[in-house]
Each structure stands twice: as C-alpha cells, then as structure tokens.
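Trainee: Chain by chain, the residues:
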Amino acid sequence: MAFNFNWHPLTADPEFYSRARDLLTAALNKSPKPPIIVADILVTELNLGTTPPDLEILEIGDLADDRFRGIFKMEYSGDAFLTLQTKVQANPLNTYLSTAPSFTSPQPLAASAPLTIPLQITLSNFRLSGFVILVFSKAKGVTLVFRNDPLESLVVSSTFDSIPFIKDYLQKEIEKQLRNLFQEELPAIIHRLSLRWWGQDYDSASSNTLRSPLAQNPTLNSGPSLSARSSFENLSEQAENGGSPQQTFSFNNDLESDTLSSKSLLRLATLTDSQRTLSLFTPSIREAIYRAWATTSERSDPTSTPSSTSGTHSSTTYSMDGNGARPGLVAMASSLSISSSSGGLGPNGRPVTRSSALGKKKKTRVVNLRRKKDTSASDGDTSSIAGSSVPESITSSMEVGYEEKEHVKANGAINSNIPEIKIPPPSLAINDRQGDYADVPPLRSPTGRDSFLATRTVHHAGSDTKIPPTPSTPSPPPQQTSQQHIIFPSEKGMPFHSSEYSRENSVPASLFSGQYSPQYQPQQLSPGHHSSASSVSMENPFLESRGRTGSSSSIAEKAWMMKMAGEMARRWGEERLRREKAEELLDEQRRRDGSSPPPAYHQSQ
Amino acid sequence: MLGFTDYVQKSFYRATKWDEDNSYANLNATARALLDFQTPKGLKLNISSLSSPNFATSYSLASLGVVDGSVSYLYSSRALDNVRNSGDVELKDAIFGYRDLKEITKPDAPRDWEIWQGGVRVDRRDTLLYGRMYLPASTLEALYLRRLAPTRQLKISAVSNSRLPNGGTILALLQQDNGKYSSEYLYSTDVALIGIRGLYNFGFDPRKALPHNSGNGAVDSRKIAGRFSAGAEVYWGLLNKSGGVSTGFRYTTLPPNTGSPLTMTLTVNPIIGHFQAAYAIKAGKGAVFCSRYDFNIYSYESDLVLGCEIWRRKQQQVTKNETGTEEVWQPNGFTTGGEREDDVTGVLKARITQNFNIGLLWEGRFKQLLFSIGSNIDLKRRDQPFRTVGIEIQYNS
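Protein chains in written order, with this note's numbering: chain A, 1 to 605; chain B, 1 to 397.
The set of hints was computed from the structure by calculation and includes no laboratory data. The model shown is predicted, which means the values in this text are computed figures rather than measured ones. Do not rely on the hints blindly, as some may be mistaken.
Below are the EDC-like pairs computed for lysine to aspartate or glutamate, each with C-alpha atoms no more than 16 Å apart in a straight line [what the hints assert, rightly or not]: (1) B:241 x A:168; (2) A:87 x B:19; (3) A:30 x A:168.
Pulled from the structure, derived: some chain B residues nowhere near chain A, Cβ distances all over 12 Å [unchecked claim]: (4) 129; (5) 132; (6) 272; (7) 287; (8) 368.
Part of the chain B face toward chain A, derived, beta carbon under 10 Å [what the hints assert, rightly or not]: (9) 157; (10) 171; (11) 190; (12) 269.
The beta-carbon is built from N, C-alpha and C at its ideal position, and this holds for glycine as well.
Can you make the complete structure from the sequences, with help from the hints?
Mentor: This is how it looks when you write it as structure tokens:
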C-alpha cells in the first residue's frame, strides 16, 4: 500500500495562502494575548515551504475512497515560515504593572509610560515532532489532532533581537502561543479549510442536520420511487439553506455524521430509479462501497481493524442491548443493502429523531458476546455474497423485494380488518428465543435476504410500535392489532414468533425470536394492516430490519465489520435513515395531498 | 471617591503629621485626580463604621453582572479622632481633587516624640493594620503601616491570590520625608523589583527658617512664590533584568500666592522617550481646569486629555462665602478656608480625551449618604455610546 502526499498542490492554490492567513489571524487573536502585545496580531506572510513533513504511518483504522483515519508520527524540519505583525509594549515596566495587582503596585510616576512599537516577528526553522491523528472524510472534511505537543523548537526573529530580555520574552510567549495553536486552533483551522474545499458538500451536510428535527412524527413511506424525489427535495432544501452555511465546527462525529453530499444523493437517486425498472443496469457510484469489495478486502487484509477480529462482530451488535441503540449495525445492514435493494431502503420508516439520538449513542465498538451462533448462522452466506457481482445481487434482491411486496399486497386485504391482539407473557418470548438460538441453522442467502426484505416490507406496512410475542398460529396471521402490534407468522405451523419492543424497553430476546427462527418464511408473513389502522406509528422498524439483516447477510456483515470500523457503518446507516426520513416526509406530504400510494406501499396512519 | 479605609488612612497620615504630597509618587496627583478618575461601574454599596477610634470595619457589595464584595478591617494604634462619618465629612477630604499643597514644615525632632513616664520611655510608634478580603475572588489585601520616626514611615502591602504568580506579591516601601526633600525605597517580590524615588523642593527650607517667621506672622518672601520641586525615580527588576527611569518637575503655587492657584508638572521618561506635561488651574473658587499632553519622541504618539471639576455649593451661603473670599486674598486670612468647604454639596468631574471618550462623574452627599454617579461615554461608537454606567453609595458611621 502506498500513499502519495501532495505537498505542492496544496500551496499551488493561489487562494490557499490568503485563506490560511485569515484563519490564522482569527485564531491568533481569539485567545487572550499576553500583556506585552497591545494590538491585534496580523499574519502578513505564510509559506509552507518546499519540504513536506515526514510521516510515518503507525496505524490505519479506517480506509476507503472517501474516508481515512490513521495515526501518524510526524517529523517536520522544513523551511516553512510565518511572519506576524503586531504592536508590542516596549516598556517592560508597563507590562509588568499591567499584570500586577494595583494594591501592591509601586505606582511609578512616569517610568511605566507606555511605548508601543510595531513589531514584526518571523517564525522559522520549525522543528515539529509528534503523533498526529488524521481523520478524513469527504463529507466531513479533514480532522487533524495532535496527540502530544508537537513543537520541539523554532526560531523567533524579530525587531528586538538586540534586546535579550524582549527576545527571550517573545520566544517564550510565542512558543506558548504556538503550542496552544497546534493543539487547539490548528485542528479547527484545518477542518474549516477542508470544509471550504468541499464547501458544497458541507453546505448540504449542514442543511441536512438542520432538517433533522423536522421529521418528528414517524411517517410511513411507500416505496422506492420516492427516493429520487427525496434526494431532489434534499437538493431544494439545501438550496434554501445554502444561504447561511453553518460554520460551527465540532469534533463530534455524530453531529455531522448523517451527511451525504448532494452529488451522492443524486447518484443514489439514479440508482434507485434504475432499479425500479428491474433492469440490470446499475449506475456506478464512485464513492459507494460494494459488498464484493468489502469481502475481498476483508480477505486480503484481515488485520486492518485491530478491534474487530472475529466475524461475530455484527451479530453481537444488535443482540446486545434492548434499546435498539445499534445504529452501527443498521448502518452496516444498510450499507450492504443500500445499493442492492431500493425496496428495503425506502419503506423503512422510523422516527428520525430517535434514530439520530441512537446514532449519537453508538460510538464505541461493539463487544462480541455471541460468536458461535452467528458465525454458524452466517456461514452459508459468505460464499454467495462474496461471489456475486454487484449488479446481479442488486437486481436479484430487488426482484425479491418486489416479490415480497406482491405478497404483502395480496395478504393485505385479508388481514386488514383484524382488530384484536393478544399479548403473551414475556416469559414466553424468552423461551422462544432460547429455542431459536438452540436450533438456528445456517441461513442461505436468498432466503435470508428474502426474509429480510419481507419483514421490512411488513414492518413498513404495519408500522408498529410494539411487536409482542404472540401465541402461534399456523396460518397467515389473523391476529392483528389496531395500532401497536405486528405478527410474524411461521411457515410450518411453528409457534408464532414475534417480537415485542417498545420505544423505551425493547426486549432483545423477543426480537430474535422472530428473526432467527429458521422456519420463517416471508411468503407467509402477514403483511400487517397497511390499510387498516388509522394512526400507526412505526417506532422501531429498523430493529427488525437490523435483525433480519443480521441473520440473512451476517457473513457479509461479519466481513464488513472486520473491514470497517463502526463509525463508517454508522454513517452509512444514518445516511440511509436520512434518506428514509426524507421519503417519509415526502410520503406524508403526498398523503396530505390526497394522492394515494400504490397499494403495496400504502401505509395506514 | 475615596473608600472609607483610604479615608481612614489619610486621617492616620494627618494624625501622625505625615505629608503625603511630599513624595515623588504624588508629583502629579492633581492631574491624576482630575483626569484619571475612575467612574463607577454597576452598583456598589459601602457600609463602614469606625466603631472605636482605633478600629474600623467596612463592607462593600458590588453588583456588576455577578455579585461580589469585600470585608475589610482596620486597626490604628493612634486614636483617629479626625475621622468623621459620611454625614459630616468634608467632601474635599472624601474626594480626590485639586491638591492644595500645604507649606512644607520642619519635621518634628525625634526628641519631641519621646514620652517619659516615671523615668521610663513609654511612647510607641504608631501603627496601622489593614486587611481586606474580596469574597468570591478570594483575594486578600493586607497593609502594615508604621511610623518609624518623625521622618520615616514603613509601608508593607501584600496581596494574596492564587491566580497571581507565586500566589501573591509583597511590596515594602520605606519612606523618608525631611520636608526639604523626601526619598522612598521600595522592593517588590513580584519580579524582585527594587526602586528608589526622590523629591527635592527648591527654595524655602523649613529647617533653616527663622524661628520668628512663624511666630510674628511676617511673610517670608521665599514662601510666597510657590514651590518648585524636582524628582526622579529608578526601578530595576532583578528577575526580568529590566527597569525604568523617569524624572519630573512640578511648580505649584502656595496659599500665600495672590493669583489663581495653579500646578504645572512635567515628567520625562528618557528611556521610552515619553514626555508628559500637565497644567491645572483653579479658576475661581469652584472650578478647576486641567489639561495634559503626552508625547513620545520615538513613536510620535501623542495624547491630549482635558478635564475639569466644578464644585457646587449651597446657595444660601453664597453671601457668606463672598465675604470669606475677600479674606482669602489676605495671606493671614487663608486659614479660614477649612470652614468654607462645609457647604459643598457636590462635585462634577468631566474629562474628554482626543478619542472623544468622555468620562463624567458626579460625587456628592445626599442626607447621610455619599454617592458618586458616573458614566463613560464613547462618542465614536454611535450605536452604544455609554460604555459604563454606575453608581456608588457609601455610608459611614
């Protein structure tokens, strides 16, 4: 692996230096200045020199076309220089008295008279050595953090070189300021600069973050057709918000994690549109990560991510906490399916605020708890996914997804008017889960994907908050709740597995009972009451979809997790959430307008 | 306005016959009082009491965004009978203003301070102790003042604050005043600063004054012309190896002068190249005008400040004052001036800099309260000309 660092193109931009000067000036004047400096510090000259810093790669935690995270050891002894202009107080007694308390001041009569002298300071011969953490993302710009104090030495030459006291003082003060600059201000400067380089993307990002609270009420979206429109809606909104680009900077990834550039949105829209026609053509998305890539790269470089060593990573994530706060997993699932199934993407409506909150929670990497089952369960999937080329998999999954929707449509009429539901005791759910865990066979990929898509469709159709474990019924389920329950029928007369989760306490066990049941067949699923209930809020559909994804494509996820850190996947997931949210918005709007969606995607609300 | 503890310290100086003005540090006190006065910010309340002639307490509460305050205690070994409460205090004692310099007097002989009782010397040196605690800021100020001899005084002041380097500073100041000349030696622990200040009064030497001059009331011709003083100061910081030098001159008229009282000062800092000339004149009995010009010969920076103070008197006593004023011009009758100040109800101070920064301060007395209302106005900022507004209320008992 080779990296090519371009030092000169950075400085070839004629506007680069002026921008950098402005930012440096602002940064230098922000912190309280020492009393000897009585005017603003002005950066008059800045030159990065011709010698690039020596970078030694210590660790690469995340690597993709559009993002990078790594730790470097940086050594710099180049010929960069910086010239500052300011005014200094030339009377040391005045400087001293300005900081001393007045009660003990000797109160000289005129010995402390001020004399301000314009001063030109040239900082050169930088000697830097330190550990740098560099995080690059096309959407979020470059974040560069010094882990230690990088400044070893520098030469300060000024107008006062002949006066040793002032020279020493300046040297000391400037070193102090520079240390502060390197550790606090420079990351901010670099980030802002990088954001200006990709200013358009950043604008869209900021507009997206602005819109997030809009989708407060969970709405249901109807189909993949909306994704294109949603992206355009994004564009329009971005145009609206573009007038005031946010300049707030934060190192918190979560704030800007659900960002997607407008260009990427357009491409994704094209992709989904093309898939609606069931054609084999798939536009290539430059910055997209395809499943095949993930698998192959995982094989080639299995130790790239140190924290995730086993493939069980993915499976643990969703099963760990009942709150469903696993956006990383969702993200992963979505990242796999985002290019493959537009149907799975679109219909997954959920409260967006919740998802974003979940996304904030998810920062740490996931500890693996159950590795055996998941590995066994996902064994079968690996080959198929890895072997399939990207467009094929996309189309196939697309077909499956539509097939599922047909089923849903067919069953919808039957089950639409079933009002009653039974809520079994929770112990039953636990038992169910244990049983499921005991006999989870390896899932074949088409089935798994089918089930995944199907359940997602069902969820989308049913849009339920709670999925309680219900007593089993062998036939396509007549038990339907008005608002809060969804029923998962099983194919072979097995006990009816379903999950119950609510917004606050979702039971993971019951979650898995539905998802892991091997007999689970999507064709038998009750499509829910997509046309029945009036106001159905779909609280946690992504839980289901997540679980489904885990079972169906867990191998791919495993490989994925080994390859990618959690952040990346989460970003994908949140991006998907955002798109879905947009679709929900559109859907709601359309529903308000009175145009009814196609029956397969029709949601009851 | 003087704080109560500052006022008590001045009273201590008066009681122990210490001439504050005969010091190089106070060479331009008039110009500072007229041009560099502080305008209050926010609301500040002071409640003080001289519970016994030797002991004073003062509490202050300031509200400028955050509420902070201070508690101060003062002890004086000399009974301070000349301290008066806020309803009776003469405003010219409680307010910095034009300094009417007194005639320099011959210091007491050390023998005069000795008190013998039954063959044993019982006199003690007068001491003033003062402490002040700023409460939220956790800053402690302490002052130790001791009249070592009729011509000497030791002043040690200290500030303790955790935010200061080394936790605080101590300033030791040994002052020597012989009337004809005075000298001060100081040491500050902050940067190990040592300093020497000296002032020399040309002309009349009180030590060589003829004994009969004071007795028979005959006017010594050398006393009338006013006083010309010259002084210098040298500082050197041992730790930062930097110092400062300045020299200054002052001419001021003395009470025997028949013209308008005026004070002229010129200070020069030869290292920095700074010149400062101030001129203050008392026009009439209730108005003082002052101007000060700063110039730096190296940077050509200059500054001009104009200021005035106007004393407002009670209307009904104007006629009395008219008659009293007539006596002022008689050298013998000037001693009655102290009584005439009683009817002052307030002082308006104003200054304007060349940057059109205006400071206004109105200090006066309302019933038993001393108050000062001030504002700082920046005419260059049209949107927000009032930079600071404040009122300070003081009650002493």
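Trainee: Checking each numbered hint in turn, tell me which of them this model violates, lowest number first.
Mentor: 2, 3, 5 and 6
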